[in-house]
Amino acid sequence: MDDKSPYLHPEFETLSREDIQKLQLQRLQATVKHCMNSPFYKKRFEECGLKPEDIKTLDDLRKIPFTTKQDLRDTYPFGIASVPLRQCVRLHSSSGTTGNPTVILHTQKDLDEWANQVARNLWMVGLRPDDVFQNSSGYGMFTGGLGFQYGAEKLGMLTVPAAAGNSLRQIKFIKDFGTTAIHAVPSYVTRLYEVMQEQGVDPRRDTKLKVLAIGAEPHSEEQRKRIENMMGVKAYNSFGMSEMCGPGVGFECKEQNGLHFWEDYYIVEIVDPETLEPVPEGEIGELVLTTLNREAMPLLRYRTRDLTRVLGHSCPCGRNHVRLDRMRGRSDDMMVLRGVNIFPIQIEKILMQFPELANNYLITLTTDEDNDNMTVEVELEDMFTDDYARLQRLNKDVTRALKDEILLTPHVKLVAKGTLPVSEGKAVRVVDKRKVYQ
Amino acid sequence: MTIKQISIFIENKSGTLLKVLNVLKEANIQIIASTISDTVEYGIYRIICDKPTEASNLLKQNGISSITNDVFAIELDDTPGQAATAIQNFSEAGINISYMYSFLVGCKGILIMRTNDTDKTQEIIKLKKMKTYDLA
Ligand SMILES: [Zn+2]
Numbered sequence: 000m001d002d003k004s005p006y007l008h009p010e011f012e013t014l015s016r017e018d019i020q021k022l023q024l025q026r027l028q029a030t031v032k033h034c035m036n037s038p039f040y041k042k043r044f045e046e047c048g049l050k051p052e053d054i055k056t057l058d059d060l061r062k063i064p065f066t067t068k069q070d071l072r073d074t075y076p077f078g079i080a081s082v083p084l085r086q087c088v089r090l091h092s093s094s095g096t097t098g099n100p101t102v103i104l105h106t107q108k109d110l111d112e113w114a115n116q117v118a119r120n121l122w123m124v125g126l127r128p129d130d131v132f133q134n135s136s137g138y139g140m141f142t143g144g145l146g147f148q149y150g151a152e153k154l155g156m157l158t159v160p161a162a163a164g165n166s167l168r169q170i171k172f173i174k175d176f177g178t179t180a181i182h183a184v185p186s187y188v189t190r191l192y193e194v195m196q197e198q199g200v201d202p203r204r205d206t207k208l209k210v211l212a213i214g215a216e217p218h219s220e221e222q223r224k225r226i227e228n229m230m231g232v233k234a235y236n237s238f239g240m241s242e243m244c245g246p247g248v249g250f251e252c253k254e255q256n257g258l259h260f261w262e263d264y265y266i267v268e269i270v271d272p273e274t275l276e277p278v279p280e281g282e283i284g285e286l287v288l289t290t291l292n293r294e295a296m297p298l299l300r301y302r303t304r305d306l307t308r309v310l311g312h313s314c315p316c317g318r319n320h321v322r323l324d325r326m327r328g329r330s331d332d333m334m335v336l337r338g339v340n341i342f343p344i345q346i347e348k349i350l351m352q353f354p355e356l357a358n359n360y361l362i363t364l365t366t367d368e369d370n371d372n373m374t375v376e377v378e379l380e381d382m383f384t385d386d387y388a389r390l391q392r393l394n395k396d397v398t399r400a401l402k403d404e405i406l407l408t409p410h411v412k413l414v415a416k417g418t419l420p421v422s423e424g425k426a427v428r429v430v431d432k433r434k435v436y437q
Numbered sequence: 000m001t002i003k004q005i006s007i008f009i010e011n012k013s014g015t016l017l018k019v020l021n022v023l024k025e026a027n028i029q030i031i032a033s034t035i036s037d038t039v040e041y042g043i044y045r046i047i048c049d050k051p052t053e054a055s056n057l058l059k060q061n062g063i064s065s066i067t068n069d070v071f072a073i074e075l076d077d078t079p080g081q082a083a084t085a086i087q088n089f090s091e092a093g094i095n096i097s098y099m100y101s102f103l104v105g106c107k108g109i110l111i112m113r114t115n116d117t118d119k120t121q122e123i124i125k126l127k128k129m130k131t132y133d134l135a
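Residue numbers (numbering that gives the first Met the number 0), protein chains in the order written: chain A, 0 to 437; chain B, 0 to 135.
Honestly, the hints are just simulated from the structure, not real lab data.
Just so you know, even glycine gets a beta-carbon here, dropped at the ideal spot from N, CA and C.
Zero decoy hints are in this set.
Within a straight-line C-alpha distance of at most 35 Å, the following computed DSBU-like cross-link-like pairs (lysine-lysine) qualify: (1) Lys174/A <-> Lys209/A; (2) Lys24/B <-> Lys416/A; (3) Lys18/B <-> Lys416/A; (4) Lys68/A <-> Lys50/A; (5) Lys3/B <-> Lys412/A; (6) Lys253/A <-> Lys108/A; (7) Lys416/A <-> Lys59/B; (8) Lys412/A <-> Lys24/B; (9) Lys395/A <-> Lys119/B; (10) Lys174/A <-> Lys233/A; (11) Lys62/A <-> Lys50/A; (12) Lys50/B <-> Lys130/B; (13) Lys50/B <-> Lys412/A; (14) Lys59/B <-> Lys432/A; (15) Lys395/A <-> Lys18/B; (16) Lys59/B <-> Lys402/A; (17) Lys68/A <-> Lys402/A; (18) Lys412/A <-> Lys18/B; (19) Lys50/B <-> Lys416/A; (20) Lys224/A <-> Lys412/A; (21) Lys50/B <-> Lys119/B; (22) Lys108/A <-> Lys62/A; (23) Lys18/B <-> Lys59/B; (24) Lys18/B <-> Lys348/A; (25) Lys432/A <-> Lys18/B; (26) Lys3/B <-> Lys395/A; (27) Lys412/A <-> Lys59/B; (28) Lys395/A <-> Lys59/B; (29) Lys3/B <-> Lys416/A; (30) Lys59/B <-> Lys348/A.
Some chain A residues near chain B, calculated using beta-carbon distances under 8 Å: (31) Asp386; (32) Tyr387; (33) Leu413; (34) Val414; (35) Lys416.
Please work from the sequences and hints to get the whole structure.
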């Protein structure tokens, strides 16, 4: 593609609404047919008397039952796959802290298409093969690592798999390699900037940075602006989820007015999480995605649990792919902190291991500057020691055990029994005071 | 040799301490000595009172979590250096003091202490013929 083209895939990116829908119907019908190779979907369709031929229009999508994360757990590890395992070349798995883990399989074609989406995004915000892309994101099972790696390489950039952490080395790379773009979770960008300041490095003067891709943890518009002011470059919001592939699913264009979700790859629905009916256009609801271009593990009407709303379809950038608002929260109790997904049940499981602790606890999430913090208040069991050293040891042990589980160090506060709020018989477990949802 | 001490877990929120004091006041329980120690987020309020069993039950009924421990109460004569001598006895025997506080009854000083080795502490008290204080 010519460097001057604003689009990497103009044949898809600039489709009219009508053509997008035409393509979607065609791909949906092919996907549904392909899903009949999946033991899970075959059974599901039989159960509700649905046949692939019944999908005649895009509206017929609503005849298909939703797929949930629980379905992925129940069919762990390979029960949803629509191809034999020998055709799969990659597996990503999420942690199994709330039951079975989930597994996402990829064929070589799936990986190529995934890379195409990421490359399209990075091209959209002005990156070209001359750029140097530093991926300061966790690797391994976390899809932000390999997802951006392959996508940036697909675009043709020199790609540095710096991974997360070791800020001094990151800064050295940025300077030595002439890094022009970084992908990281927002809180890590803030951390990098702090270390730059300590080292007397001015990102405007001493680096060639021009683009930041931030995602994988919720952040507010205010936080984005602060990051942009710190680093002196534009920061673009990225949306991904491992069930869809990983990063690449949605990305902001240069207008920074919502994330374009690629409708040649996904059908986007926004539904009321209670009634599961579509919400009126523009209202907040749960994002439901159907994959249109997956071989190994297509997912039909997957409930993401992320809350968002449609901002519009047309955009000055010339793309008519739906623009969605930044994620507004979750319709379940999952928390996303510094890029890590955490469920209250994980915290609870650890607290229950300590006989000194009672059952009631409260998790409070706050933002200090740009860092997400978690405070865990937990009630002490009636018979506690009057020995300070033991109390403090307990505090430390609980903190360490939680850290091992959720990979973040929470602030643990022991409180007297009966002091935490209990509402309507059901305990309030999480209070999210972070700016992002306000 | 030992007396009952009630320890109450107090969060550093205004009102918690007052609630404890009001519960005891209404039952006409007299606090003979008390001490409060704290970290940033919580403190332990330790009290010696005239009716420890009643106090402990009352606190429980009021949803206040507490624990009752036997602590040593050593009586000191009203002359300088008494406390030093007492502590020296324990320290020579290798006993560690977890915490300690004191109060006056008449002109006697009472040293309340908890150690890491109750049996050994008792032994030393007997051996050194130290006087102990009793509530009754
Ligand atoms: Zn746009």
